[in-house]
Amino acid sequence: GAVVSQHPSWVICKSGTSVKIECRSLDFQATTMFWYRQFPKQSLMLMATSNEGSKATYEQGVEKDKFLINHASLTLSTLTVTSAHPEDSSFYICSARMFRDRHTGELFFGEGSRLTVL
Amino acid sequence: AQRVTQPEKLLSVFKGAPVELKCNYSYSGSPELFWYVQYSRQRLQLLLRHISRESIKGFTADLNKGETSFHLKKPFAQEEDSAMYYCALSLSGNTGKLIFGQGTTLQVKP
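Chains as they are written, first to last, in our numbering: chain A, 1 to 118; chain B, 1 to 110.
Warning: the hint list may mix true and false statements.
[What the hints assert, rightly or not] Listed below are the simulated BS3-like cross-link pairs for lysine-lysine, each with C-alpha atoms no more than 27 Å apart in a straight line:
#1 B/97 with A/41
#2 A/41 with B/109
#3 B/65 with B/109
#4 B/15 with A/41
#5 B/22 with A/41
#6 B/57 with B/109
#7 B/22 with B/109
#8 B/57 with A/64
#9 B/9 with B/22
#10 B/73 with A/41
#11 B/109 with B/15
#12 A/55 with B/9
#13 A/41 with B/9
#14 A/66 with A/14
#15 B/9 with B/65
#16 B/97 with A/66
#17 B/109 with B/97
#18 B/73 with B/97
#19 B/15 with B/97
#20 B/22 with B/57
#21 B/15 with B/57
#22 A/41 with A/14
#23 A/20 with B/97
#24 A/41 with B/57
#25 A/20 with A/41
[To be verified] Selected chain B positions facing chain A (in silico; Cβ < 10 Å):
#26 7
#27 9
#28 102
Hints were generated in silico from the structure; no laboratory data involved.
All of these numbers come straight from a predicted model, not from anything done at the bench.
Note that beta-carbon positions come from the ideal geometry of N, C-alpha and C, so glycine has one too.
Whenever a hint applies, use it, and build me the whole structure from the sequences.
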């Protein structure tokens, strides 16, 4: 089956530093990837839609300068949390859809990346 | 605005009992609904979608446009069904982004 991999799975950083999280589709091409944020015992909140070769589309209330998204290839999207602060601590999850199912269809999820900002 | 509502945070049943996880949606377009499941320490995975109208692991869900619902049902719960269940709405358009409900934890007791 289709696999989406995230790295790192856990990261701890100091306040004010930037952290990059990678999301890779291992065995399929994904023109679109989605980044979600999940607070403890809460649902997944869509942050942005990452489009290969173009700018990401951010959901209302999500700061694009804070959460930089780059989707440079059909198999890789990165989320950079810039100047991280403790309130950015969260579980970040990416997901991807196969190119052939790009308008609808099953989303494949990464294992998530837990960010802790001290 | 589009929204997915799962009214129950926790649903606890005994093994062999019927299960119904409720999901209601609000969307002006043509809805495409999914149920995703997250077992302990595993990633989210698709359980079923309304388009396919199939039964997966004994679970079924019927889209009721009149009631704007997509409840998940299983006649006889098993302990291995214990997990977090998310109802999700795919928005039509060229991105097909997925909006999730709050999730329901299903606990099946022996």
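Q. Against which earlier hints does the structure fall short, listed by number upward?
A. 3, 8, 12, 17, 19 and 26
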